[in-house]
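Undergrad: Residue numbers (the working numbering), protein chains in the order written: chain A, 27 to 395; chain B, -18 to 236.
Since the hints were derived computationally from the structure, they do not count as laboratory data. Among the clues, some could well be false.
Below, computed lysine-lysine pairings styled on BS3-like, alpha-carbon distance capped at 25 Å [claimed, not checked]:
| # | chain 1 | residue 1 | chain 2 | residue 2 |
| --- | --- | --- | --- | --- |
| 1 | B | Lys232 | B | Lys187 |
| 2 | B | Lys199 | A | Lys294 |
| 3 | B | Lys187 | B | Lys4 |
| 4 | B | Lys149 | B | Lys198 |
| 5 | B | Lys4 | B | Lys100 |
| 6 | B | Lys232 | A | Lys274 |
| 7 | A | Lys274 | B | Lys51 |
| 8 | B | Lys199 | B | Lys188 |
| 9 | B | Lys100 | B | Lys44 |
| 10 | A | Lys294 | B | Lys44 |
| 11 | B | Lys198 | B | Lys187 |
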Amino acid sequence: MSEEGGFRARMRGIIDGHGETHMQRKRHRMKFVLCTGTILTVIIFIAMLCIGPTKTMGPIEALSNLFSAIGKDGSEMTPEEVMVFSSRLPRALAALVVGVGLSIAGAGYQAVIRNPLVDPYIMGVSSGAGTLAIAVIAFDFTFFGLISSNSIYLVAIAAIVGGLLAFLLTMTLANRAGGTTNAYVLSGVVIGLVFGAFQTMMIVFSGNKVSDVLLWLFGSFANITWEKAVFIMVPVIIISLLIFRYAKELNLVLLGENQASQMGLNVKRFNALILTLASIMTAFCVAFCGIIGFVGLVVPHLCRMLFGGDHRLVLPGSIALGGVLMMAADLAARMIIPGNELPVGAITTLIGVPVFAYLLFVRGKMYNG
Amino acid sequence: MDKVYENGYHADRDVSFSIPSGKLVGLIGPNGCGKTTMMRCINKMHMLTSGDILIDGESVIPKTPTEVAKLVSNVPAEMTASFGLTVFETVMLGRYPYLQNMWWETDEDETLVEETLKKFGVHHLQDRALNMLSSGEQQRVLIAKAYVQEPRLMLVDEPTSHLDMKFKLEVMEYLKAMVKKDMTILVAEHDISLMARYCDLCVIMKKGELVAIGEPKKVITPELIKDVYGVEASVGIDNEGDLYVLPKRVKIEQE
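Working from the sequences, and respecting the hints, build out all of it.
TA: What follows is the structure, encoded as structure tokens:
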């Protein structure tokens, strides 16, 4: 018992430092989050470049291939350079960014809706995105000929449009129902069910395309190219930074709508803003990679349990852990059965659950009441 | 401090009064008499239909929410789930209207919060999650949060409604002790005896209208209680000179 107490105290010392005041301890905690986050991210990122089913190389070899490929400006690359630069690097970047994006979106949703069960798909984004993506994959839906049927962006754009459509329907319904947090959750569930029903019907009639459809729905980073990675990265980074700026306000809304608006915050407008930003970001995250569950639900909770409920620590923590968890899951997804890609969403769950269960066991009391 | 309140909206009809600075003011009236509506109008959570509210002679209507938040703070009857925020973090949120730094609060803010936590006897609980405290402790934390907001007027809505006798008295003692600065406190509460014991002034409302305002011992009479609540009550003074109200049984009208 005393040994464990000593261990915990030592861990606290490492995370919090030995500052006299709360602010000193929080600043130290922030430094801890940033340092360990950066170190872990860099380690796994480099591992993503080194390890693959066709060839595994050492970190130095991988980096030298990477830099020589960058030096060559894309022409006359050796097969190793192509592997690292054109295949593994965009895939690693996409996994990193989607992990971060879903985690930040999840943290924002949970704070605004004040419900720990909420994940980025609560507003129906995933169901809407899935419905239109299936329409494209299985039924060659091309927005009535607006987009060429062999464009690499077709599924992505369909997913984004579908996600935002579902989100707008949810918002409209929720605002009609009074705009309370419960109205958001219930509307999201209802709209999600409607799109889910369309999905099931389309899957039944999708014939030999059913495996393509399921592959998309389960989520995967297998076919990420540079164009696709950039297409996800730019909006996700911008929106993450925007949400990041509102860390203090996210703390404030935890006190409840009345208290927050009494402190000078326009709560209705703020909630709508965060939900919109998070939903757009979620739509971009699922655009190419499909619906990857669990990360957006669990990473914010992990951060709350590790670093406390203050969003000025939860958000940086989500960036650090979200990217790391997603990259690790993707690495596992392509390595567990070499030559066969496992659905990355299943892996995130399998990695995350034991960690989450342990923390829930130790720190779960914070959600009581 | 002047506060004039008139409202055409039927929740509050032509209510107008002013209270001096540095007083503990009790707001008494039956359920649905417009107490909460009035409080919400004062801190601009609801818009006035007509009339005006003046704090230090200045109208709140043209002020931004942040400016109002520096003048008026409020203490809710209870707190919903705090989502893992600690007592310290909750109280620190009271400094939100004053924050200048991009990210962290200043050391001055922290000193103020520390002192306030000590003052309200919750300093030893500062790293606990809010939802792990007892109701009385939670109420003190919420008052501390309203206090670090450094308002001119603090609105307290039924602070003791689910507290037992001792916690009720404690909360009122804290409110009474706080009022000595240049801060006025307006408390809505159902326990008239408790109000009479602690308040400097009583404002009595019925069906959205002002019935009486004045020192508790002068305004609280059996006739007034009959008028406002429709209940027969004996109002007396105990051996130590404190006022008490003892309601009689009422007859339930059955069909």
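Undergrad: Does each hint hold? Answer for all of them.
TA: How the hints compare with the structure:
The suggested pairing of Lys232(B) with Lys187(B) holds, with an alpha-carbon distance near 21 Å, which does not exceed 25 Å. Of the supplied pair hints, the one linking Lys199(B) and Lys294(A) is violated, its CA atoms being roughly 44 Å apart against a limit of 25 Å. A hinted pair counts as satisfied when its Cα atoms are at most 25 Å apart, and Lys187(B) with Lys4(B) qualifies at roughly 22 Å. For a cut-off of 25 Å, the pair hint linking Lys149(B) to Lys198(B) stands: about 21 Å separates their Cα positions.
Under the criterion of a C-alpha separation no larger than 25 Å, the hint pairing Lys4(B) with Lys100(B) is consistent with the structure, at around 19 Å. Pair hint Lys232(B) plus Lys274(A) does not hold up; C-alpha atoms about 53 Å apart against a cutoff of 25 Å. This hinted pair checks out: Lys274(A) and Lys51(B) have alpha carbons roughly 17 Å apart, not beyond 25 Å. The straight-line distance between the Cα atoms of Lys199(B) and Lys188(B) is roughly 22 Å, inside the 25 Å bound, and the hint therefore holds.
For the hint pairing Lys100(B) with Lys44(B), the CA-to-CA distance comes to about 31 Å; that exceeds 25 Å, so the pair is violated. Taking the CA atoms of Lys294(A) and Lys44(B), the gap is about 19 Å. The hint holds against a cut of 25 Å. A C-alpha spacing of about 19 Å is found between Lys198(B) and Lys187(B), which places the hinted pair at or below 25 Å, so the restraint holds.
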